[in-house]
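Quick note: the sequence shown uses the working numbering, first residue 174, plus one each step.
There are no misleading hints in this set.
If you anchor each label on the Cβ, the simulated ranges turn out as follows:
no.	residue 1	residue 2	range
1	E372	R218	41 to 49 Å
2	D310	Q232	48 to 56 Å
3	D310	Q183	36 to 44 Å
4	Q183	E429	41 to 49 Å
Rather than coming from a laboratory, the hints here were simulated on the basis of the structure. Bear in mind that the values here come from a model prediction, so they are computed numbers and not experimental data. Just so it is clear, CB atoms sit at the ideal spot from N, CA and C, and this is done for glycine as well.
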Amino acid sequence: MAESTSSTAQRSFLLGLIGTNVAGSLTPPMHEAESLRQGLSLVYRPIDPSMMGSPIVDQAGEPDWPTVVERAVDFGYSGFNVTHPAKRGVIPALDELDEDAELLGAVNTITMTHGRLIGRNTDHRGFTEALAAIAVDPKQGEVVQVGAGGAGAAAAYALLSAGVPRLSITDIDPVSAQSLVGRMSAAFDASRMRVLAPEKTPGVIREAVGLVNATPIGMVGVSGASPIDLDLLRPGLWVGDVIYRPRRTQLVEAAEAVGAPAFGGARMAVGQAAASFELFTGRAADHEAMLATFEGT
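When you get a sec, could you build the whole thing from the sequences and use the hints?
This is how it looks when you write it as C-alpha cells:
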C-alpha cells in the first residue's frame, strides 16, 4: 500500500484532475465508485483552465498551472491528480516533491499534508502492477522501450526497479532518450541502460525478451498504428503498451496473436489511480473493483 497522507478518520474529500481535455477522463468515476464502495463522501472534478469561467493563462496565453493549483486550494480542494500537459507545470506551486517525483521530473498526484502541498508520482506503480499481471520475469534479459517522455520515464523507473538487467531506450528525439538515461542513472547503475538509435532498434528487438511502447502511437486520434514493425513480434517477447484508448491497441492484439504475453494501458491507469486513492484517503483501494469500473465506463 502506498504511504498514506490522510487520516483514516477523514471521510469527506474534494479532489480534482488537473490538465487539458479532462472532461471525459475515467479517473473521476474510478475514485468516486471506490469511495462509495468504502462508505466515503468523495467528490472528484475535472479542472481544465480553458473550461473555467475566466481562463487561467499566463502572458503567452498558455495555461498557468501554478495559479490553477492555488485557486483550487483556495476553493477547498484537498488533493489532485495531474495529467498531460501539466505534470511539470504544476511543480512551482508545490512545497515539496517526493523522491519519485524528483527523479521522474513530473507530478501526477498532489496531496495536502499539514498545509503543505506535496508533489508525488504514482505512474510507475501502475506500470509495475501491469507487468505483474502478465507474470513475466523482468530479470530474464534485455528490454527495449520506445518513447522517452513522461510515460517513458515511469516505465523505465518501474522496469529498472524490477531488476531488468539492460534497458535500451529509443526515441525519435535522441536528446530525450539521453536525458531519460541520465536521470535514471541517478538512481540505478548506468551500465544497465543505453540510448538505442532508431535504425538499430529492429535488430535489438529480435534478441530482446521485452518490448514497451511508451509513445502515443496507436492511441485514438494519433496517426500511426504501431511504433514498431509487427513482424518482429514472437512468443518469447513480452509486450507492454501504455495506451488505454483503445483498450487493446494493434500492438497488443498482434502480440497476443503470436502467443506473446502482453498488456495494455488499462491496468497501468488503474494501478496509478489506486495508489493515488490510498494517498488521498489513507485507505487501501480495491484494485480489481477499480479495474471493473474502468473497463465498464
